[in-house]
Amino acid sequence: MAKEILEGSRAVARAVAMCRPQVIAAYPITPQTHIVQELAQLVADGELAAEYVNVESEHSAASVILGASAAGVRVYTSTTSQGMLLMNEVLYNLAGLRLPAVMTCVNRAVSAPLNIWNDHQDSISVRDSGWMQFYAENNQEAVDLLLQAYRLAEDHRVLLPAMVCMDGYILSHAWEVVDIPTPAAVDTFLPPYPPLYRLDTENPLTFGAYAEPDKYTETRYMMQEAMNRALEVLPEIQADFARIFGRRYQGPVEGYRLEDAETVFIGMGSTMGTVKEAVDALRQQGEKVGAVRLIAYRPFPAQALYAALQRVRQAIIFDRAVSLGSGGPLATEVRALFQSAPDCPAISSGFLGLGGRDVTEETVINAYAQTRGRTVQGIFFDLRHDVEMEGVEG
Amino acid sequence: MAIMEDHLFAPGHTACSGCGQALAVRLVLRAAGSNVIIANATGCLEIFSSNYPYSSWEVPWIHSLFENTAAVASGIEAALRITGRLGNTKVIAQGGDGGTADIGFGSLSGMLERGHDVLYVCYDNEAYMNTGIQRSGLTPYAASTTTSPAGKQSWGKPQGKKDMVGLALAHGAPYVATASVGYPHDLDRKVKRALEITGPKYLQIHCPCPLGWRHDTSLTIEIAKLAVQSGLFPLLEFRDGELVQAHKISRPRPVEEYLRPQGRFAHLFAGEAGQEQIAAIQQIAERNIARYGLRRQERTAAKVPATAGEVTTEEKAARDRERVFTAAELAGFDGREGRPAYLAYQGLVYDVSGSSLWPDGDHQGMHQAGEDLTAAMADAGHGDEILAQFPVVGRLARDI
Ligand SMILES: Cc1ncc(C[n+]2csc(CCOP(=O)(O)OP(=O)(O)O)c2C)c(N)n1
Ligand code: SF4
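First to last, the protein sequences are chains Y and B.
The working numbering puts the first sequence at residues 1 to 394.
The working numbering puts the second sequence at residues 1 to 400.
Some hints here could point you the wrong way.
What the hints assert, rightly or not - Cβ pair distances, simulated, as ranges:
no. : chain 1 : residue 1 : chain 2 : residue 2 : range
1   : Y       : E202      : B       : A378      : 46 to 52 Å
2   : B       : G84       : Y       : R157      : 26 to 32 Å
3   : B       : T198      : Y       : P113      : 23 to 29 Å
4   : B       : A10       : Y       : E232      : 37 to 43 Å
To be clear, the hints were calculated from the coordinates, so they are not data collected in a lab.
Please read these numbers as outputs of a predicted model, since none were measured by experiment.
By construction, the Cβ of each residue, glycine as well, lies at the ideal position given by its N, Cα and C atoms.
Please put together the full structure from these sequences, using the hints given.
The structure is reproduced here in structure tokens:
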């Protein structure tokens, strides 16, 4: 293992290569491009023995890895934003076929208006597809979660695809110190992919059969059970990870300064780094605040969240995607968790950092101020009032 | 029918009776053998063959979605390649005309352009049958479908068939061909030939659909043949962009014969005005015939009077009977491209060139001239007495 200063995309590409996927298919889209270009170069230089399929669309990228995974090899892709939406149909299919594909989602906003900057609308839009979703706070996590994602996806108790989400630009294009594992250590942690079933002329099987109403429900039940099992298997994998790489992850949720916290910020991804700094600043002013970060969003870590939040008085949830016409996807689920539970904290929620708007310590501290002594839902914490919204506000 | 003896496509599926596609699939699988992995688009075929927990597929088979089959097959091919399994195992991608020419065209184009070693088979039943007979890019001119209905101000689909062969050729695919369930022998040969070639292959098979075309279920083969014999669905074969074979027709059948038994064209026969439309369809056939040189030159047997010193017809016939054909020589007399049509039966070689039952060396779409058909006679609908009417032109060499 060696600490290096390198771009997030490059770190991820190097980690992907160490996972030895045998088929990679991807279609370029900003800000995912650095990952797939780096992988193409690794293959071109003979440093990664993989078939790199230059597809004509994201729909086909997902379809190519679907075919390859069904044929029994480890696969990888990466996309973002419009590419994720175009893949949507195939994502459901990969999950329904129980194929343990892994991808990196380099999170970006969704058009219109066209915007290439970061928020979580793309991955949140496919949250119900049957893919597991993990959100990285920094580039070290983008690497570590990738290795864990393969282990978890390929575990025969789980067999579901997984995406590791890293914030576009903020992580993908940021140069940070990353502890790059050695290939040998990765090989120990992640042995070759053992398919449970594969397309094989020696043992002809039918994949993707047609299921009528008397069978379909059971496929959903089995996938839901697999999601639940993933939450049980994850700590096992994390323990293994800690043993081999020395970095400790504890379950699907991370708590920060929760000891005596009365107010807790909840969110996902790189924003939570800023939130932690805001927590430190507020603590210095004597405020009893803390933070809870979801590493796993699917499966939804209900128990872990409940345990982390049980004793706090107030929760402020930051969503970086909008379920238009409803509210914040994360907020909705966290609130549902406390529905009719005793000692329900006062929950406020709102949006920030949409389409790449900067989230600073100040944004968080302002949000804290805005929710003091009251609960608000679905407010746009960082809304500008100096932008003309002609024709929108009427 | 000797050609149908293998069952890699198990019975018990739920296709309509007389389904041309179900028949074509069996022929494709029989020709391909068991060392194939199949990726299948959504459509009638996928639905009628894979209703869980049943499956008709005796080969590894995967259905993913409607428009991504060529990409799924590309992924399978890539996986086989990197694991050293490609070659031994062949990959077939298949879908209907909608899954191929419309919604799946992008992924097919990608597969062809990247050069994956995959055979793509399009079962062309000329509409979206699975969802209820909607028009596709391969629905022919003037066909009435549920989304291109004939009506007071409509003659059915205003456009003709998309030129998928031309489009596949434009990608530089090393093998591009059309076939028909009406000509199983030709189909069988084309699948085998395609699978011998490395790289992307495109095969479009014309498959009548009694439900969608609204014809009697017993007419599937007849109608498939009429499409070919009228020139509306030419049987073509391209190697590296060159037309190496086109199924010739000596006397093209009028398109009317093809159109009349099909309900989807019934509106053309409802009154005088339809004649114009039929004439337009005849034009399409003529254009195909001219474009691909489908018309066979009639051979005129030059009569040479027997003069002194020359052998008489009887003597010549007697000498001919002494001629010994090797299997390879016999194969040259396949009736195609104006060549004579010979076949062997129990050691004797017969000339069936003049028979209307062997046009272009093809017999009922089941047998091709140029072969030893001794074994096939057992399954024929007639006995061997029928051969008495044909001249014997030689003997078949024994295997040494
Ligand atoms: C993305 C998508 N759009 C539409 C459909 C609905 N659909 C399923 S099969 C089909 C038509 C299939 O037609 P074709 O490819 O010609 O095959 P056929 O059923 O005629 O054999 C359609 C429209 C679908 N499954 N997926
Ligand atoms: S609708 Fe047509 S293609 Fe579909 S199963 Fe019936 S006959 Fe075959």
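### Query
Is the gap between the beta carbons of A10 of chain B and E232 of chain Y within 37 to 43 Å?
holds (40 Å)
### Task
Starting from the hint 23 to 29 Å, judge whether the C-beta atoms of T198 of chain B and P113 of chain Y obey it.
violated (47 Å)
### Message
Can you tell me whether the CB distance of E202 of chain Y to A378 of chain B sits inside 46 to 52 Å?
### Response
violated (34 Å)
### Query
Does the Cβ-Cβ separation between G84 of chain B and R157 of chain Y fall within 26 to 32 Å?
Between G84 of chain B and R157 of chain Y, where Cβ atoms are some 30 Å apart, the hint holds.
Comparing the model with each numbered hint stated earlier shows that hints 1, 3 do not hold.
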